[in-house]
Structure formats: C-alpha cells, structure tokens
Amino acid sequence: MTGDEVVPGPECGRYADELAELALGTATGRERAEALAHVERCPRCHAEMEQLSAAADTMLEVIPGIEPPLGFEVRLAERLRAGRPARQLAGGWWRMRRMSPVLACLVAVVALGAGVGAGWLVRGGGPPVVGRSAFGTGQGGRVATRSLVSGGRAIGSVTVYSDRKDGDAASTSWLFMSLDVGSWSGAATCEVRLADGTRVQLGTFWLDHGYGAWGVTLPAGAGSIRSASVLSGGDVLASANFSSATAASANRGTGYPTGRPARGL
Amino acid sequence: MRRTREPQGGASDESLLAGMAHGDERAGLAFVRRYQSRVFGLAFAMVGDAALAEDIAQEALMRAWRHAPVYDPRRGAVSTWVLTIARNLTIDALRMRRAVPTDPDDLINLGLVSNEASPEGATLSAEAARGLHKALSGLPTGQRRALVLAYFYGMTAAEVGVAESIPLGTAKTRIRAGLTKLREAMTSEGSRR
Chain A
724 MTGDEVVPGP
734 ECGRYADELA
744 ELALGTATGR
754 ERAEALAHVE
764 RCPRCHAEME
774 QLSAAADTML
784 EVIPGIEPPL
794 GFEVRLAERL
804 RAGRPARQLA
814 GGWWRMRRMS
824 PVLACLVAVV
834 ALGAGVGAGW
844 LVRGGGPPVV
854 GRSAFGTGQG
864 GRVATRSLVS
874 GGRAIGSVTV
884 YSDRKDGDAA
894 STSWLFMSLD
904 VGSWSGAATC
914 EVRLADGTRV
924 QLGTFWLDHG
934 YGAWGVTLPA
944 GAGSIRSASV
954 LSGGDVLASA
964 NFSSATAASA
974 NRGTGYPTGR
984 PARGL
Chain B
621 MRRTREPQGG
631 ASDESLLAGM
641 AHGDERAGLA
651 FVRRYQSRVF
661 GLAFAMVGDA
671 ALAEDIAQEA
681 LMRAWRHAPV
691 YDPRRGAVST
701 WVLTIARNLT
711 IDALRMRRAV
721 PTDPDDLINL
731 GLVSNEASPE
741 GATLSAEAAR
751 GLHKALSGLP
761 TGQRRALVLA
771 YFYGMTAAEV
781 GVAESIPLGT
791 AKTRIRAGLT
801 KLREAMTSEG
811 SRR
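If you read the sequences in order, they're chains A and B.
If you're matching positions, the first sequence starts at 724 in this note's numbering and goes up one per residue.
If you're matching positions, the second sequence starts at 621 in this note's numbering and goes up one per residue.
If you are wondering where the hints come from, they were derived from the structure by calculation, not from laboratory data.
Among these hints, one or two may not hold up.
To be verified - Where chain A lies over chain B, by a calculated footprint (3+ residues, C-beta under 8 Å):
| no. | segment |
| --- | --- |
| 1 | 651-664 |
| 2 | 681-690 |
| 3 | 700-713 |
| 4 | 751-761 |
| 5 | 772-784 |
All C-beta atoms in this analysis are idealised placements derived from N, C-alpha and C, irrespective of residue type, glycine included.
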C-alpha cells in the first residue's frame, strides 16, 4: 500500500458504516450497491474492508468445538451416498430412543466401527471389505458387551470397543451404554472400576423417562475396565461386570472427557 | 494472524481439500474428522438444538466436500471457509424456521469461558486466541451484542436496531465501532508477534 492510498478520499467518510456491514455480509439494498461501487474504485476502503472482514472472521475462532452425536459420520456417509440434501431432524442419535437398548448399543458400535473404515465414507459405495471385522475394528481391535443389571434384571448394556490391541499407544477406545430403567427422569453418572480397583467417573448423561444412551471416548492409557455402573444420587441404578479383561483402556488421572450430555433423549 | 497448519494428522487442510477434490477417500474422512466438532459446535452454539445443529453440520461438510475443487486459498483459511459455510447455513435455518437463536451474550460467553486452547482446525495460535477473547470481552456490551447479531445471525443494521430496541443510527454505530475495535485489537496482537 502506498502513501497515496491511505489518504481518505472525499467520499470515504460516507461509507464508514457500510464498510463494516459489507465486511459482515449484512449490507443490503442500494446502500450496499453504492458502497461496493465505492470500494471498487477506492484502494483505501478496499483494504479497510478486507481488514474488517478478516477481523470479523476471527470471531469464528471463539466458538469451541463440540463432539457431534454418535453416528454422525455414518449418517453423513448415508447422505453423501444418497445425495439427498437433508434428512428429517427427528433422526440421529435420538433415533436410538425407539430401539431396544441392546440394538441401540449395537448400532452405535457398528456405526463407529464403520467410521473407522476410511473407504466407506467418501466413496459412497459399499462398506469396506478388506481387513475389517464385522465391527470394523482394526487388526487386533476388540469389542465386549455386557448387560447392565439392576435387581437381577438386565435393563441395558454396556459396550467397550477398541480399535487396536491393549497397550498400543495409537489405540482409541469407546464406551457406550444404553438403559431403560423405568420411568424416572434425571441425571445419571457413569462410573467404571479399573483393574487396580480404582473407580473413575466418566461423565454424566440424562435419563428421560428411564431411557438413556450415552458414549464416551477413552484415550489410550492404563488399566482395563472391570465393571461399569450407572449412578444417581449416590445410588447404583445398574451395573455391568467385565470380569474378564476387555479391550477397554482408560487414561487414569488425566481427566476423562465427559462426552456430550445426551440431550433430548 | 493466520498460521499454516500441519496438524497432528499430518496433512495440511489444503492437502486434504486437494485430495478430496481428486476423490481421495482417506482425505475426505480425515477432513470430516478434523472439522466435525468445530462445525457442529458452531451450529449448536447458534441454534441450541442438537438435532438441527447436526443437520446443519452434515450439510456444511457435504458442501465443503463437493466444493473442495473450487476452494481458493487466497481468499482465506480452510477453517474460515468451512465455518463460514456452516454459519451461513445456520443463519438460513434460523430464518426458515423462525427459530429463536441463542442470545448473543450466551453465544459469545460460550467462547469466552471455553478453555479449549487450540481446537483442531484452529487458524489462530493460542496466544492470538487469547488476544481475541480479550478484545471481545473488552468491547462495550452493546457493541459486542450488535456485532454478534450481525455476524453470527446475519442481521442487518435495521434488524439489530429492532432486536436491541435502539435507533438504526445507533445500531450502525455500534456495529462499526465494535468491528473496528476488534480489528485494531487483532492488528496490534499480530504486530506484537
């Protein structure tokens, strides 16, 4: 930019407000047309608008990321394959509400396992056919499902899924649970007991009229999960026993992701 | 202000887009995984409805995928491009549904209280992000609200005036003053580094 360009012209002051609105993309009508015409012939205002646009766009950086609901990738793959513009909003994670808990859990595992298969999502063709188990686990990956038991009755299930062998630094593990435990609504906490006896609360989710489905990513770390419990108000609503070693590994002491609270279940 | 990223996944955003444009499946999957939380987070922050936010996020990523061949790096960072697609779709969705958007204070506070130092796909360094937070929180409330209403919700100055019960001239002044201060803060942040 030269010295001549930074000197405001006689018209520049007239468009000060409009430059900001142009930068934000909200200028309209004749004002917009006039301001654009001015910007086209005024290097100073053009540069000003570019800077304001860049400043406005930095606001996008303020909003934190949130992990989308489970199955997001799979539903995206379905849409890409079908080429349809939009699905009905009642679907998604909330669709599990209408499934049995076991089926919902199975769908979640299949969904995430399928997501691991890189080929499926983009090509829009069939599922990956090479080097994957039925659950889409990588070589050595494991999945284990146990019933959530309350008063001697199975009221849901917990599934722990890992895409690699235990101890593999690159492994990723997930825990999913779904349960239907009567008609009570409120917050419930998922707590796991590790191989060394340590108890760790992984996060809180909502039960809606007794139903809830929830999942969390477990970063690679120490310890296999031996049991998982659903707590509410200090009481154990249900628990699942993984007495045999599972693929679940937990990163003790570094702060578990709490996952996304299940909303609108 | 903008930094070139070679994220943990290895490939840069631009490389992934180039791969997507040539039908590289792994590039597409990596791109989706890199940006899905930010796109969903933005939509969710704006609409406060997870189902609608998911629909918007999916549509945004589909469009990014399909338009990967026409992405022009000279016009901005990939993250800005993707998030702008999501923002515009969210604005459209809010208008079509006449849905009540998240209050501007809540929206911006969500970011200001976030301890997410440098999310995947971020174009700002942690230091620049802190400067941005500081600049936004330092704006007078009226200016900050007007800016958020205009940028995130696509409101014209007249619509901001109605929403905030202020005259059109005041709305225009608040938008301009707020954005100018933000620009100055980001410029001075950039010059310090």
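Quick rundown of the hints versus the structure:
{"no.": "1", "hint": "651-664", "verdict": "holds (count 9)"}
{"no.": "2", "hint": "681-690", "verdict": "holds (count 3)"}
{"no.": "3", "hint": "700-713", "verdict": "holds (count 4)"}
{"no.": "4", "hint": "751-761", "verdict": "holds (count 3)"}
{"no.": "5", "hint": "772-784", "verdict": "holds (count 5)"}
Of the numbered hints stated above, none is contradicted by the structure.
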